[in-house]
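Engineer: Using the sequences and the hints given, assemble the complete structure.
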Amino acid sequence: MTHSAKPIQLPFVFRSAAVLVSILLLTFSAAAQGKSAHKSRRSSAAKTPAPAPVRAVNAEEMQALLRRDGKRPLLVNYWATWCDPCRDEFPDLVKIDRDYRAKGLDFIAITLDDLSDINTAVPRFLLTMNAKMPVYLLNVADPEPAINMVDSNWSGALPATFLYDSSGKVVYKHFGRVNPGELRAAIEKLVGTKQ
Amino acid sequence: MKKLAAISLLITLLAVALLVNARTPVADIPAPPIIGATIADFTLPDAGGASHTLASLRGSKGTVLIFIATQCPVSNGYNERMEKLAQDFKARGINVIGINANSTESAADVKDHAAKNNLTFTILKDNGNKVADQLGATRTPEAYFLDASNKLLYHGRIDNSRDITQVNSSELRDALEAALAGKPVAKATANAFGCSIKRGGE
Numbered sequence: 010m011t012h013s014a015k016p017i018q019l020p021f022v023f024r025s026a027a028v029l030v031s032i033l034l035l036t037f038s039a040a041a042q043g044k045s046a047h048k049s050r051r052s053s054a055a056k057t058p059a060p061a062p063v064r065a066v067n068a069e070e071m072q073a074l075l076r077r078d079g080k081r082p083l084l085v086n087y088w089a090t091w092c093d094p095c096r097d098e099f100p101d102l103v104k105i106d107r108d109y110r111a112k113g114l115d116f117i118a119i120t121l122d123d124l125s126d127i128n129t130a131v132p133r134f135l136l137t138m139n140a141k142m143p144v145y146l147l148n149v150a151d152p153e154p155a156i157n158m159v160d161s162n163w164s165g166a167l168p169a170t171f172l173y174d175s176s177g178k179v180v181y182k183h184f185g186r187v188n189p190g191e192l193r194a195a196i197e198k199l200v201g202t203k204q
Numbered sequence: 087m088k089k090l091a092a093i094s095l096l097i098t099l100l101a102v103a104l105l106v107n108a109r110t111p112v113a114d115i116p117a118p119p120i121i122g123a124t125i126a127d128f129t130l131p132d133a134g135g136a137s138h139t140l141a142s143l144r145g146s147k148g149t150v151l152i153f154i155a156t157q158c159p160v161s162n163g164y165n166e167r168m169e170k171l172a173q174d175f176k177a178r179g180i181n182v183i184g185i186n187a188n189s190t191e192s193a194a195d196v197k198d199h200a201a202k203n204n205l206t207f208t209i210l211k212d213n214g215n216k217v218a219d220q221l222g223a224t225r226t227p228e229a230y231f232l233d234a235s236n237k238l239l240y241h242g243r244i245d246n247s248r249d250i251t252q253v254n255s256s257e258l259r260d261a262l263e264a265a266l267a268g269k270p271v272a273k274a275t276a277n278a279f280g281c282s283i284k285r286g287g288e
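Those protein sequence lines, which keep their order, are chains D and G. Quick note, the first sequence lines up with residues 10 to 204 if you use the numbering used here. Quick note, the second sequence lines up with residues 87 to 288 if you use the numbering used here.
I should point out that these hints are in silico values taken from the structure, not numbers from a laboratory. Since we're looking at a predicted model, the values are computed, not measured.
Straight line, CA to CA, 30 Å or less: simulated DSS-like cross-link-like pairs of lysine-lysine:
(1) D:LYS182 to D:LYS112
(2) G:LYS273 to D:LYS182
(3) G:LYS176 to G:LYS273
(4) D:LYS141 to D:LYS80
(5) G:LYS216 to D:LYS182
Computed, partial: chain D to chain G, Cβ under 7 Å:
(6) TRP91
(7) CYS92
(8) PRO94
(9) LEU121
(10) ASP151
(11) PRO152
(12) GLU153
(13) ILE156
(14) SER164
(15) GLY165
(16) ALA166
(17) LEU167
(18) GLY185
Ideal Cβ placement from N, Cα and C applies to all residues, glycine included.
Structural biologist: Encoded structure:
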């Protein structure tokens with residue numbers, strides 16, 4: 010991934026001050042957001058429908074989920090509730106789902122949690138995230154065929170994110186926590202321009 | 087006018103701060119060595135700070151390097167299995183070495199974790215993920231089995247499931263047994279889901 014725009018070089022003092030100011034502002038805004046999210050969750054708990062139940066799929070069923078019919082691009086995120094960077098990036102993914110679903114992006118999240126967590130830890134997490142995308146739990150005795158089917162260069166490290174165009178070709182992939190700006194730019198290329 | 091200048095300065099500062107703070111994407115992790123490649127010697131400290139080389143730690147019949155974590159539930163699911171592997175093969179000439187390359191886990195964390203989980207094999211702290219890069223490691227747990235001359239014979243998962251009751255293929259153990267029996271390793275790579283290694287830049 011290349012960055013064409015070079016950051017402006019400022020004297021160190023300015024940079025440090027800027028970083029400090031930004032950290033302070035980000036901290037405050039994050040705290041405020043957290044507060045308001047908490048509030049709204051409480052007040053609208055009765056009205057907000059629970060996310061759709063998480064469905065367990067085997068490798069073949071997962072493969073069918075990834076198939077494209079030439080109409081809509083697809084974003085797939087592999088995650089688990091036990092995976093720290095997965096949890097960290099999830100709010101960004103929920104926002105991306107909210108921003109791009111109406112513009113034509115499909116998004117599914119596939120969890121590698123244990124089957125025993127399918128009605129407990131997984132939906133609980135999705136509820137706190139206010140996640141609306143369909144979520145599936147990959148339930149396989151041997152994970153290797155599924156990993157290789159998705160990408161032969163993937164070790165199985167979580168999280169992993171893949172963006173397919175409407176023909177099913179991978180146009181963007183990222184192992185580890187996503188960079189939301191980079192992912193959004195890749196999505197924009199697929200949904201931003203109407204042919 | 088002064089106010090306007092102050093505001094525009096603030097906005098500029100913010101924009102610059104965002105640019106400076108923006109995490110550059112993780113540089114592509116080097117590809118792992120191919121099976122059969124010879125792994126070059128390396129030097130890393132253990133959790134107590136003592137320095138070790140691969141040459142000083144390797145077994146007479148081979149060496150298993152396993153990237154592990156203190157926080158990852160998948161890696162932790164394998165603590166007992168890794169310790170048993172180390173015990174089972176020590177007398178047979180194969181040494182098991184743990185490597186912690188997570189920038190988020192300190193040498194002190196590694197030491198505490200090993201003590202709490204009765205891990206007796208040597209665990210190295212790969213600061214700056216130098217060896218993780220050398221081996222193209224991305225996940226915990228992720229194992230590499232080297233023969234007596236440091237040639238890579240197996241790379242991948244320990245077995246098929248972090249839930250010990252679901253294990254039905256133990257590729258790492260099979261590779262060790264094959265090598266000790268002088269046979270080729272039937273399955274030289276196998277993957278499983280695990281935690282991403284948290285490299286320094288992330």
